[in-house]
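Enquirer: Chain residues, written in single-letter form:
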Amino acid sequence: MREVAILGIGMTRFGELWDRSFRELGIEAGFQALVDARLSSRDLGALFLGNMASGSLIEQEHIAPLLMDYAGLAGHHLPAIRIEAGEASGAVALHQGYLAVASGAYDFVVVGGAEKLTDVPDVTANRITGATADQEWESVFGATLPGLWALIARRHMYEHGTTREQIAQVPVQAHEMGSKNPNAHYRNRITLEQVLGAPPVAEPLGMLDCAPLSDGAAAVVLGPLDRARKFTDTPVAIRASVVTSDTMALHHRGDLTRLDSTIVAAKRAFGQARKTASDVNVVELHDAYSISALLALEDLGFVGKGGAGTAFAEGRFAMGGTPTVNTSGGLKAQGRPFGAVGVAQVVELVRQLRGQAEGRQVSGAQLALAHSVGGTGATSVVHLLERTN
Amino acid sequence: MSIARFWRETPRRYNLGGCRCTVCTTVYFPPRVVCPTCTTHRQSLGKMEPFQLSGEGTVISYTVIHDPAEGFEMLVPYALTLVKTVEGPVLTAEVVDIDPHEVRIGLKVHATFRKLREEGKAGVIHYGYKFAPAVEVDGAPRPLPLPSPAGEPRAAGRATA
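Sequence lines, in order, name chains A and B. The first sequence begins at 1 in my numbering and counts up by one. The second sequence begins at 1001 in my numbering and counts up by one.
Bear in mind the hints are in silico, worked out from the structure with no lab data behind them. Backbone N, C-alpha and C define an ideal beta-carbon position, used for all residues, glycine too. Be aware that one or more of the hints could be misleading.
Computed list of lysine to any residue pairs in SDA-like fashion (alpha-carbon distance at most 20 Å, straight line) [what the hints assert, rightly or not]:
1) B:1084 / A:255
2) B:1084 / A:254
3) B:1084 / A:253
4) B:1084 / A:275
5) B:1115 / B:1010
6) A:180 / A:358
7) B:1084 / A:258
8) B:1115 / A:135
9) B:1121 / A:127
10) B:1084 / A:247
11) A:305 / A:322
12) B:1084 / A:159
13) A:275 / A:159
14) B:1108 / A:127
Covered by chain B, according to a simulated footprint, are these stretches of chain A (three or more residues, beta-carbon under 8 Å) [to be verified]:
15) 133-143
16) 150-156
17) 187-201
18) 266-273
Chain A extracted, bound-state conformation:
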C-alpha cells in the first residue's frame, strides 16, 4: 500500500439552497477540488460519491454517473461509484477513495459527498433520515433519530452525572465557530439560555441541540503522496483511514453511553498512524446532536469516560483547546447535508493543516482527526490527516 495525500478541496455553501439543484451542488464542489489540485480531468481515475438517500429525497438514483456526465466527463467512461452509510456516507466514500489510490488501482480520484434535503418537506426529510436507525424494531415503535440520541443522553446523565447545562454548551460553541465560517448554514451566535429554552424535540434535547437539515456538497482530490508536490505546496497525508460497524439498533448495545464502533475506529487509526490522542491539534467530530459530541470526545480518547460534559463546559475544546473541536461549526452550525458531512469535515481539516482557515485558524495545526457516525453508531469512521512539510 502506498501513501495517499489530499491534493485539492472544494465545497459549496451549506444551507437551505432552494435555488440550487443536486447536480449543480455536486459539480461545483467537484470542480473546486479539481481546480484547487491543478489536476486535469484527463488524469482522473474514478469518482467515489457519498450520498445517503437521493432516491427518496430527489427521486433520483444512479447519481454518480449523473454527476460525471454533467461535469462534462461522460466521454472518459470512468468508474463513478455511489457509497451509502447514512450520515457517514461521505467518510466511507473517502475510505474507498483512499483504498483505491493506496492500492495502486488508480492514481488520482475525486471523493465527493452531496445531499439535497430541502426538496421534500421537513417531516418527510426526518422520516428518510430516521431510516438510518432500524426501521423494523426502532422506528415502528415511535423512535426518531433525536429520540434515540436522547436515550443515550439520559443514560449518560444517569451514569456519569452529566448535566443538561453541560450538554447545552455544545451547540453554543458550535454556533460561535460557525459565525466565522462563510460556508456555514448558521452564522448566528446563540446563548446557553437560548439552548435551554428552545422547544423540546426529545427530552432532554431541544431544537438547538439538533443539527439542521441542509443542502450542500463537498469534494476532495486524492493522489499518491510521492507525486503530491507536483500539484500542491502543502500536501496533506492521510495517515489512517478506518471504518467500523456495530449493531444496527441502539437497544442491542451493551453500554448505552459509548459507541464501540468509534472506540475501535480510533484505536485502529492511532495504531495505523503510530500516534496518540494527545498528538491531535484539531478535530472535526460528529455532533448531529449535542450529546453526540460529548460521546465522541470520550470514545476518541480526548477525555476520560464520563468526563466530557465537565471538560467541555470548562472550554477545554474551544479555540486553542486540546484539541480544538469543530472549527467549521460542526454539523450543528456548518450544516448537515447527510452524505456530504464526512467530506466537508475533511475539507475543513485540510484548510486548518494548510493554514488557510481564515478567522478560525488553529495555530500550528499539524495533526487532525475526522470522525463520522452513521445512525446511532452502526457505522463509525476515523481519518487521521497530517501536514507534510
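Let chain A serve as the given structure and place chain B on it in line with the hints.
Expert: Below, chain B alone, put in the same frame as chain A:
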C-alpha cells in the same frame, strides 16, 4: 410500510416471540438465525429455537418525544424508552398508562398490546407491544396482557419450540 412487510413480523410484534440459542442459552429479540454471543457462532446456525418473552422488564433509559415519528402525531408528547426484559433482550418501546414525565430509569413495566400507528385515514393500522407500569400508578389498572399466540394463557419465560 407495505401490509406484507408489517404482517410477516406479527408473531414478534404481537406476541414478543424471540429465540434462544440452544448452544449457549442466550435469548434474543427479535429472533436471529445465528448467535452473536457464541465464540464459534457458525456452530449456532440452525440451533436457534423459538422462545417466548414474558413481557416483564425495567426501563433503562427514556425520553419524552415532542417532534414525533411519522404516524405518531396524535400521541405527542409520548415516552419512548429502552426496556430491559427479565430474559435479557432490550426493546425500544413506548411506555403508556403513566404521565410521560413520570417515567424514570428503574421503572418496572409489563408489555401490553396496543395500536402503534395508522398510515393515514384509510391506510393500514399497525398494532404491537408497548409497556405500562407493572404496579399501579395513580390508581390506573394493570395493563391488558399481550394476546396469547395459541389462545392459551402464557407462562413467563416458557420456550415454545
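Enquirer: Decide, hint by hint, whether the structure agrees.
Expert: Now for the hints, and whether the structure bears them out:
1. B:1084 / A:255: At roughly 12 Å apart (the allowed maximum being 20 Å), residue 255 (chain A) and residue 1084 (chain B) satisfy the hint.
2. B:1084 / A:254: 11 Å, holds
3. B:1084 / A:253: 12 Å, holds
4. B:1084 / A:275: Not OK: residue 1084 (chain B) and residue 275 (chain A) at ~39 Å, beyond 20 Å, violated.
5. B:1115 / B:1010: Measuring from Cα to Cα gives roughly 13 Å; hence the hint holds.
6. A:180 / A:358: The given pair, whose Cα atoms are some 8 Å apart, holds under the 20 Å limit.
7. B:1084 / A:258: 18 Å, holds
8. B:1115 / A:135: Holds, because 17 Å separates the two Cα atoms, which is no more than 20 Å.
9. B:1121 / A:127: Since the Cα atoms of residue 1121 (chain B) and residue 127 (chain A) sit roughly 19 Å apart, the hinted pair holds (cutoff 20 Å).
10. B:1084 / A:247: 17 Å, holds
11. A:305 / A:322: 16 Å, holds
12. B:1084 / A:159: 16 Å, holds
13. A:275 / A:159: Violated, at about 30 Å.
14. B:1108 / A:127: 31 Å, violated
15. 133-143: With 9 residues in contact (Cβ-Cβ under 8 Å with chain B), the coverage given for the segment 133-143 of chain A holds.
16. 150-156: holds (count 6)
17. 187-201: holds (count 3)
18. 266-273: Three-residue rule not met by the segment 266-273 of chain A, so violated; n is 0.
Going down the numbered hints, you'll see the structure goes against 4, 13, 14, 18, while the others check out.
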